[in-house]
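Visitor: These protein sequence lines map, in sequence, to chains A and B. Sequential numbering from 31 applies to the first sequence in the numbering used here. Sequential numbering from 17 applies to the second sequence in the numbering used here.
These are computed hints drawn from the structure, not numbers from a lab. It cannot be assumed that every hint is accurate.
Within a straight-line C-alpha distance of at most 27 angstroms, the following computed BS3-like cross-link-like pairs (lysine-lysine) qualify [as the list claims (entries may be wrong)]:
#1 B:K144 - A:K453
#2 A:K462 - B:K144
#3 A:K101 - A:K243
#4 B:K151 - A:K48
#5 A:K442 - A:K458
#6 B:K317 - A:K243
#7 B:K134 - B:K144
#8 A:K458 - B:K34
#9 B:K144 - A:K48
#10 A:K243 - A:K48
#11 A:K169 - B:K103
#12 B:K103 - A:K453
#13 A:K33 - B:K34
#14 B:K103 - B:K151
#15 A:K243 - B:K106
The structure displayed is predicted, hence computed values, not measured ones.
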Amino acid sequence: MSKVGLIVSREWNERVRKKSFIVTTLLTPLLMVGMIALVAWLTSRGASGVKNIVVIDHSGFVVEKLENHPKIVYHPASEDMDAEALKRNRQDDTWGVLIVGANILQNSSDVELYSFESSTIEVESIVANDIERIVEERKLDAYEIADVHRILDEIETEIQIRAFTIDEEGAQSSTSSILSYAVSYVFGFLMYMFVLIYGSQVMMGVIEEKNNKVLEVMVSSVRPMELMMGKIFGVAAVAVTQFSLWVIIAVGLGKVALDMFVPDDVMASAASISADPVAMAQTTSEMTRVLSVITTPGYVLSLVGGFLVFFVGGYLLYAAMFAAVGSAVDNASDSAQFQNVVTIPIIVALVVMFGAMSDPDGALAVWFSMIPFTSPIVMMARLPYGVPFWEVALSIVLLYATFVVMVWLAGKIYRVGILMHGKKPTFKELYKWMTYKY
Amino acid sequence: MNPILRVEHVSKQFGAHKALDDVSLEIPRGCVYGLLGPNGAGKTTLIRIINRITAPDSGAVWFDGHPLAPEDVVRIGYLPEERGLYKDMKVGEQAIYFARLKGLSRREAVSRLRWWFKRLNIEGWWNKRVSELSKGMAQKVQFVVTVLHQPELLIFDEPFSGFDPVNANLLKGEMLALRDQGSTIIFSTHNMASVEEVCDHITLINRSRNILTGRLEDIRREHGSNVYEVRFVGDSEQLQQRLSDVAATINLTAGEGDTTLRFRLHSDVALRGVVNLINESVDIRSLSEVIPSMNEIFINKVSEG
Chain A
31 MSKVGLIVSR EWNERVRKKS FIVTTLLTPL LMVGMIALVA WLTSRGASGV KNIVVIDHSG
91 FVVEKLENHP KIVYHPASED MDAEALKRNR QDDTWGVLIV GANILQNSSD VELYSFESST
151 IEVESIVAND IERIVEERKL DAYEIADVHR ILDEIETEIQ IRAFTIDEEG AQSSTSSILS
211 YAVSYVFGFL MYMFVLIYGS QVMMGVIEEK NNKVLEVMVS SVRPMELMMG KIFGVAAVAV
271 TQFSLWVIIA VGLGKVALDM FVPDDVMASA ASISADPVAM AQTTSEMTRV LSVITTPGYV
331 LSLVGGFLVF FVGGYLLYAA MFAAVGSAVD NASDSAQFQN VVTIPIIVAL VVMFGAMSDP
391 DGALAVWFSM IPFTSPIVMM ARLPYGVPFW EVALSIVLLY ATFVVMVWLA GKIYRVGILM
451 HGKKPTFKEL YKWMTYKY
Chain B
17 MNPILRVEHV SKQFGAHKAL DDVSLEIPRG CVYGLLGPNG AGKTTLIRII NRITAPDSGA
77 VWFDGHPLAP EDVVRIGYLP EERGLYKDMK VGEQAIYFAR LKGLSRREAV SRLRWWFKRL
137 NIEGWWNKRV SELSKGMAQK VQFVVTVLHQ PELLIFDEPF SGFDPVNANL LKGEMLALRD
197 QGSTIIFSTH NMASVEEVCD HITLINRSRN ILTGRLEDIR REHGSNVYEV RFVGDSEQLQ
257 QRLSDVAATI NLTAGEGDTT LRFRLHSDVA LRGVVNLINE SVDIRSLSEV IPSMNEIFIN
317 KVSEG
């Protein structure tokens, strides 16, 4: 085995066998699923907590038309109830008191809601909507137009857009915008996390070796460049291992979830339209569309493939910089100022990513998906929407070319830095190191 | 026989600091070669150049008759002063890893390791993590790692620091055994007593330059500054009187039944005539030249420079 190969396999073995790796790899997906389940459970539980609102109606026409909701139940106040007394003495399960003023028709702000618990925008907007509807109806009735309610019912329309994307060959394919948005968010963010987490693992690894003084022994056997590349590739292998395990777990859990929660007939119709873009576009249910897209193996594979290519490129680029930073300092706390230089482009990329998600073909998104330091994250956010092939290819070439240049520069700093101890270097010194003859 | 290593006019500059200035030396095969010098003199830079960790700005290094090449590092073993092992790795696994980096196959590495572990009585450590070992124990492992690939040239930088006397002796024995089996050893240390004990040749580097190089015996003799010691029975006053024209007294110590006088001869005086002078005045028990210790030579040469 080559020396780099030996180093890679040591890095991989040491890291993958660590308890922390096994725990995070297994727990992260479970934790995510657990969080989603928890949110779903809490939401469904919240529905059972009915809010009882006592209504004092001075207008005389609102309370009888208020309709109850699953979460909100209106109770008309009896004649003898006093508003002040109601507000002061909480009845057992009363959530609040709603007072509708007598002039509600003329003055739309003549409504007061007193609650014993903190109010929410949701409750307020439901109550406001209810009263609005009743007041509007009352005003409409005042015009005495015949059949006005039937006419309104008839003209009510809901538009549903069937979206197609025309690719270079002119073929039309139907997409789900919601899905693209979600996938672009998840993948862009995942890229950000992976590059940052694994990049800094490379840095920490270099600092640890430096502190162990093991580097002095190592460099008498292997060239510093081999050592650096071995570490970078070794950590990359760990990242790919973890990502692959997560994909397997996600696909497995996803399949279980689909089987459990989605009725068979919906699945069947999703499967039947996934092969046929026209049929898919005609499907009005967003849910069915999403299902048909995510159960298409080609779509999943192209995204995962794209992710891997851009992740590996982006990771390598940043890992080389992180390795140089790690070699220049004696401990992690000294690395802050150099680390900023490395992390700022990643954060810029993340910010641009959010813009790219809403305007994937805008100038900002296109340019930043070409610049190598931001392209892995920004391009990943654009990919689910469909990107011309030449743009993807150019971005990949630029990314990998920059990586080669960066490794060459980082290697020059690394070979000097790993044997330097004591004082923290300045940027000027780092530049000088690059010019040393070795 | 050609020397295993020849360093020719090597200079190395780091920024404004000149770490090595036109250093030349030649290391014969099968000897223990002392590389001496005060802290910061440039020893570590020279060792790194020999290990190809860094390259000289000018000058050349020849190994076994050819310019030192990348492939030669498998024929060199280096025990740095700053010892380092991966703390989380198990001892056996780690030793195999380093051996494979030096070009050994896994099988070969395992069988040689078993032999060494048995020899040093550390068989029980195979599955221990380095973080569980004491400093001295880790140093033993590091020693094994350094010599495992049977290099022709071994470089030991302060190999005995951190060892108790028993283990230091054990390691010294192993080092000399390796020399007797044909390895050449570069031995860098500040402990001059151990230099006298094990070194055949030395080079003294001070302020980036090679200021003294040669066979240890020759150097000590050359630096013998005409000092002699005579043990005698008789009148010491009279003896000193007699010698006052030819030598300067350094000190006089009275022992049980005899006296010892240490004196430095004036440079143009022959010892033969002086012996007669002494013989006429007292009964000589012994007369010998006082050869300076390596420690004295080191201090003299370094403070001169």
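Visitor: Please go over all the hints and tell whether each is borne out by the structure.
Guide: Cross-check of the supplied hints:
1. B:K144 - A:K453: Status violated; Cα separation ~34 angstroms.
2. A:K462 - B:K144: Given pair K462 of chain A, K144 of chain B is violated - Cα atoms ~42 angstroms apart, limit 27 angstroms.
3. A:K101 - A:K243: Violated, at about 65 angstroms.
4. B:K151 - A:K48: 24 angstroms, holds
5. A:K442 - A:K458: Given pair K442 of chain A, K458 of chain A holds - Cα atoms ~14 angstroms apart, limit 27 angstroms.
6. B:K317 - A:K243: Distance of about 32 angstroms is beyond 27 angstroms: violated.
7. B:K134 - B:K144: 16 angstroms, holds
8. A:K458 - B:K34: 20 angstroms, holds
9. B:K144 - A:K48: 16 angstroms, holds
10. A:K243 - A:K48: 22 angstroms, holds
11. A:K169 - B:K103: 82 angstroms, violated
12. B:K103 - A:K453: 24 angstroms, holds
13. A:K33 - B:K34: Outside the cut-off at roughly 33 angstroms; violated.
14. B:K103 - B:K151: 12 angstroms, holds
15. A:K243 - B:K106: 17 angstroms, holds
Consistency note: the structure conflicts with the earlier hints numbered 1, 2, 3, 6, 11, 13.
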